[in-house]
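Student: Chain residues, written in single-letter form:
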Amino acid sequence: MKRIKKLNTPPRFISYSAVGGYEEKRGPLGELFDLCDESDTFGQKTWEMAEGEMGRCALNLALSKCNLSHESLELLIAGDLQNQCVATSIGLGTFGSPFLGIYGACSTCTEALLILSSMIGSGAVNTGACVTTSHNSAAERQFRSPIEYGGQRSPTAQWTSTAAGSFILSRDENIIAQSKFSSVEISDFMIGRIIDGATADASNMGAAMSFAAAESILEYFEESDMKVRDFDFIVTGDLGKVGSEILKTILDDRLPTASAKHLDCGNLLYDFSRRDVHSGASGCGTSASVLASFFLPKLETGDLRDVLFLSTGALMSPSSVLQGNTIKGIAPVIHLHSNAV
Amino acid sequence: MDIYSLEGKKKIIKEHSPKTKTLKNSCFAFLTGGVICLLAEALRHTFLYFDIDSKDALTLVGVTFILLASSLTALGVFDKIARHAGAGTLVPITGFSNAITSQAIDSKSEGLVLGLGAKIFTVAGPVILYGISSGVLYGLIYFILLSTGVVAP
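Protein chains in written order, with the numbering used here: chain U, 2 to 342; chain R, 574 to 726.
Hints are computed from structural coordinates only; laboratory data are not their basis.
Heads up, some of the hints might be wrong.
To be verified - Using C-beta positions, here's what the derived DEER-type ranges look like:
#, chain 1, residue 1, chain 2, residue 2, range
1, U, 101, R, 637, 16 to 22 Å
2, R, 580, U, 46, 44 to 50 Å
3, R, 614, U, 319, 57 to 63 Å
4, R, 611, U, 304, 48 to 54 Å
5, R, 591, U, 23, 23 to 29 Å
6, U, 46, R, 691, 16 to 22 Å
7, R, 575, U, 84, 33 to 39 Å
8, U, 323, R, 688, 32 to 38 Å
9, U, 195, R, 588, 50 to 56 Å
10, U, 181, R, 688, 42 to 48 Å
As the list claims (entries may be wrong) - Calculated pairs, DMTMM-like style, for lysine to aspartate or glutamate (alpha carbon to alpha carbon, straight line, at most 25 Å):
#, chain 1, residue 1, chain 2, residue 2
11, R, 583, U, 231
12, R, 592, U, 220
13, R, 594, U, 253
14, U, 249, U, 197
15, U, 26, R, 624
16, U, 7, U, 202
17, U, 3, U, 32
18, R, 592, U, 253
19, U, 3, U, 202
20, U, 3, U, 220
21, R, 681, U, 202
22, R, 653, U, 246
23, U, 46, R, 575
24, R, 584, U, 246
25, R, 597, U, 220
Nothing here was measured: the structure is a model prediction, and the numbers come from that model.
The beta-carbon is built from N, C-alpha and C at its ideal position, and this holds for glycine as well.
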């Protein structure tokens, strides 16, 4: 079975945007975000609605950057962390675009991008968008304890980011020619497999996801014609400090060249010295916002040529963990290539 | 290195996961918990000074600390203290107060009956259930010991 799927007509990123909250603004990438609401509320009454509004802002920003109307979107693929992906339907319903809601936990960003790129690559869709969001307060409420509850977090715990990333992809030559962004493409992708994370500790999701990331990276380079040296970076979603350490150990053993090229979005989003983030950032907004604010602009200018990007998802529910089931990890891969001259 | 079996993965996770700093956390909990109890004792003596009955003084101390913790929770300060204090703020009545208030704030958006009303004891529920259950159990033991003459009333 060939797992890497090459796209004959690779879709181009014609626009993207990153939106964040208070803590994201104060992180090392804060200045690169398109919009940060320091109240974290985005003018809404509840955290769930705030997450929806954040997604709406992200897509609006991306559309305005490439002067595209929402009517040009033939497909909108989006997801978030809330039950039934409700933030997405609250926030993105107003666009009226044909919609696919997906859930891949924190891997949603890459999952959405690879579905959209295969739709565009097959010719079924010309132009479409992906939006991914996560909100710290909405996630705390759903997965952990009340927001104001006074508890101590484990040193392995990660901080769910309040962030959204939005991407518009197209194969339409007229639209690509009009947009100021057009050099980055998704040239191939590999769908992730469900890999057992071997722990039921919801405070150690980075560790649980690291095996899925390792499996995907090892499998990709086993099958691909490209070598590790052809890539500028191998970027994982939100393994955090603990998960990155485990991934490094595995790569050092199996594919030593890859270890030096590894970066993790969960380690990039926050300033570790400043706040109580413990093991780093998590949440599906993490990889989406870091991709849109940091990696895509660098690929657009040609500073980076090839990036292997894999958001990592911890597949679990509060009930599954309490019932003693181990957390499953997944790491879908996309290969981002820059055509900048 | 075995990265495919459950046991192999568990071993790798254990090697790389930093442990909770139990000693440091315990010391902080001891200090903050002690300070809270010291303040409570001072408050009790203040009530006694104003000629309040000693039983009432105890109740008033409890109520005051519930109100204090609840207010600090609503102001968003409690969790910042508790992050360092840990069991120091959790074990006294302040922790119980925080568990109920924080859950109430959280569920308010879902309505007063099915939100706040139904969920207010989500975090504190186990304390109530097992607190009362153990009260019943120890009461029963005490009753048996009393009626068999093992202990004097």
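Student: Does 16 to 22 Å hold as the CB distance between residue 101 of chain U and residue 637 of chain R, or does it fail?
Tutor: About 55 Å separates the Cβ atoms of residue 101 of chain U and residue 637 of chain R, which means 16 to 22 Å is violated.
Student: Assess, step by step, whether the Cα of residue 3 of chain U is no farther than 25 Å from the Cα of residue 32 of chain U, and give holds or violated.
Tutor: Not satisfied, since the Cα-Cα distance of roughly 41 Å exceeds 25 Å.
Student: For residue 249 of chain U and residue 197 of chain U, compute the direct alpha-carbon distance and say whether it is at most 25 Å.
Tutor: holds, 18 Å
Student: Taken at face value, is the distance from the CA of residue 231 of chain U to the CA of residue 583 of chain R at most 25 Å?
Tutor: Outside the cut-off at roughly 33 Å; violated.
Student: Does the Cβ-Cβ separation between residue 46 of chain U and residue 691 of chain R fall within 16 to 22 Å?
Tutor: holds, 20 Å
Student: Under the criterion that the straight-line Cα-Cα distance not exceed 25 Å, is the pair residue 3 of chain U, residue 202 of chain U satisfied?
Tutor: With Cα atoms ~33 Å apart, residue 3 of chain U and residue 202 of chain U exceed 25 Å; violated.
Student: Does the Cβ pair residue 195 of chain U, residue 588 of chain R satisfy 50 to 56 Å?
Tutor: Because 24 Å falls outside the window, the suggested range is violated.
Student: Is 42 to 48 Å a correct range for the gap between the Cβ atoms of residue 181 of chain U and residue 688 of chain R?
Tutor: Holds, since residue 181 of chain U and residue 688 of chain R (Cβ atoms, about 46 Å apart) stay within the stated range.
Student: If you draw a straight line from the CA of residue 681 of chain R to the CA of residue 202 of chain U, is it 25 Å or shorter?
Tutor: violated, 29 Å
Student: Measure nothing beyond the straight line between the CA atoms of residue 653 of chain R and residue 246 of chain U; if it is 25 Å or shorter, mark the hint as holding.
Tutor: violated, 29 Å
Student: Compare the distance between the alpha carbons of residue 46 of chain U and residue 575 of chain R with 25 Å, and conclude whether the hinted pair is satisfied.
Tutor: Violated, at roughly 49 Å.
Student: Assuming the hint says 33 to 39 Å, is it satisfied by the Cβ distance from residue 575 of chain R to residue 84 of chain U or not?
Tutor: Since the Cβ atoms of residue 575 of chain R and residue 84 of chain U sit about 36 Å apart, the hinted range of 33 to 39 Å holds.
Checked against the numbered hints given earlier, the structure breaks hints 1, 3, 4, 8, 9, 11, 12, 13, 15, 16, 17, 19, 21, 22, 23 and 25 and satisfies all the rest.
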